[in-house]
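Required output: the full structure, derived from the provided sequences and hints.
For the sequence shown, the working numbering gives the first residue as 333, with consecutive numbering after it.
In short, the hints are calculated from the structure, not lab data.
Note that beta-carbon positions come from the ideal geometry of N, C-alpha and C, so glycine has one too.
Check each hint, because a few of them may be wrong.
Cβ-Cβ distance ranges computed for the label pairs, FRET-style [stated by the list, open to error]:
#, residue 1, residue 2, range
1, 380, 416, 15 to 25 angstroms
2, 460, 415, 23 to 33 angstroms
3, 335, 452, 41 to 51 angstroms
4, 459, 341, 38 to 48 angstroms
5, 415, 368, 28 to 38 angstroms
6, 334, 436, 15 to 25 angstroms
7, 380, 479, 31 to 41 angstroms
8, 479, 440, 24 to 34 angstroms
9, 434, 414, 19 to 29 angstroms
List time: in silico EDC-like cross-link candidates among lysine to aspartate or glutamate, alpha-carbon distance up to 20 angstroms [what the hints assert, rightly or not]:
#, residue 1, residue 2
10, 480, 381
11, 480, 342
12, 480, 416
13, 480, 364
14, 452, 440
15, 480, 341
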Amino acid sequence: MPSPIRPTDDDARALAQGLMAQARHCALATLDATGAPLVARVAFGLAGDGTPISLVSTLSHHTQALMREPRCALLLGEPGPKGDPLTHPRLTLQARADPVQRTDPGFDPLQAGWLESHPKSRLYIGFTDFLFVRFELSQAFLNGGFGKAFTLTPADLSQS
333 MPSPIRPTDD
343 DARALAQGLM
353 AQARHCALAT
363 LDATGAPLVA
373 RVAFGLAGDG
383 TPISLVSTLS
393 HHTQALMREP
403 RCALLLGEPG
413 PKGDPLTHPR
423 LTLQARADPV
433 QRTDPGFDPL
443 QAGWLESHPK
453 SRLYIGFTDF
463 LFVRFELSQA
473 FLNGGFGKAF
483 TLTPADLSQS
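Written as structure tokens, this is what we have:
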């Protein structure tokens, strides 16, 4: 049986990059303290260098899980208003979470960019339990709809 994974091309790269640029939230998969899977919806954005980031609270189960075990996955892409949800593109990112604490020199630049794309977070971004997480990508899987599956590298997802 032939592989369903197509060779990665410029159209696949552009679709994946577009999904990342447009996303304002995603599903985050982590492993909880017992090793069981845990999925949460979190805010999503891109740092100035194109690295995926999220603003999270240390009070949440998913943040506590990331602090214990940084391996995670993110699912981006929303079903459209019509048709089968499985025909709409989605992107899975495999990553390691790298926390950026408020005291880290990289926090302020992340905060400035975040507030441009997520202005409503101004209400809570100053709370002491909030920090950023940078997601260092290892690989990604793009499903562009039926019969359009691709495996991508971090370089494929780079906006530069």
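Hints, one by one, checked against the model:
no.: 1; hint: 380 to 416: 15 to 25 angstroms; verdict: 36 angstroms, violated
no.: 2; hint: 460 to 415: 23 to 33 angstroms; verdict: 44 angstroms, violated
no.: 3; hint: 335 to 452: 41 to 51 angstroms; verdict: 43 angstroms, holds
no.: 4; hint: 459 to 341: 38 to 48 angstroms; verdict: 44 angstroms, holds
no.: 5; hint: 415 to 368: 28 to 38 angstroms; verdict: 33 angstroms, holds
no.: 6; hint: 334 to 436: 15 to 25 angstroms; verdict: 47 angstroms, violated
no.: 7; hint: 380 to 479: 31 to 41 angstroms; verdict: 35 angstroms, holds
no.: 8; hint: 479 to 440: 24 to 34 angstroms; verdict: 45 angstroms, violated
no.: 9; hint: 434 to 414: 19 to 29 angstroms; verdict: 43 angstroms, violated
no.: 10; hint: 480 to 381; verdict: 28 angstroms, violated
no.: 11; hint: 480 to 342; verdict: 13 angstroms, holds
no.: 12; hint: 480 to 416; verdict: 15 angstroms, holds
no.: 13; hint: 480 to 364; verdict: 32 angstroms, violated
no.: 14; hint: 452 to 440; verdict: 17 angstroms, holds
no.: 15; hint: 480 to 341; verdict: 11 angstroms, holds
Comparing the model with each numbered hint stated earlier shows that hints 1, 2, 6, 8, 9, 10, 13 do not hold.
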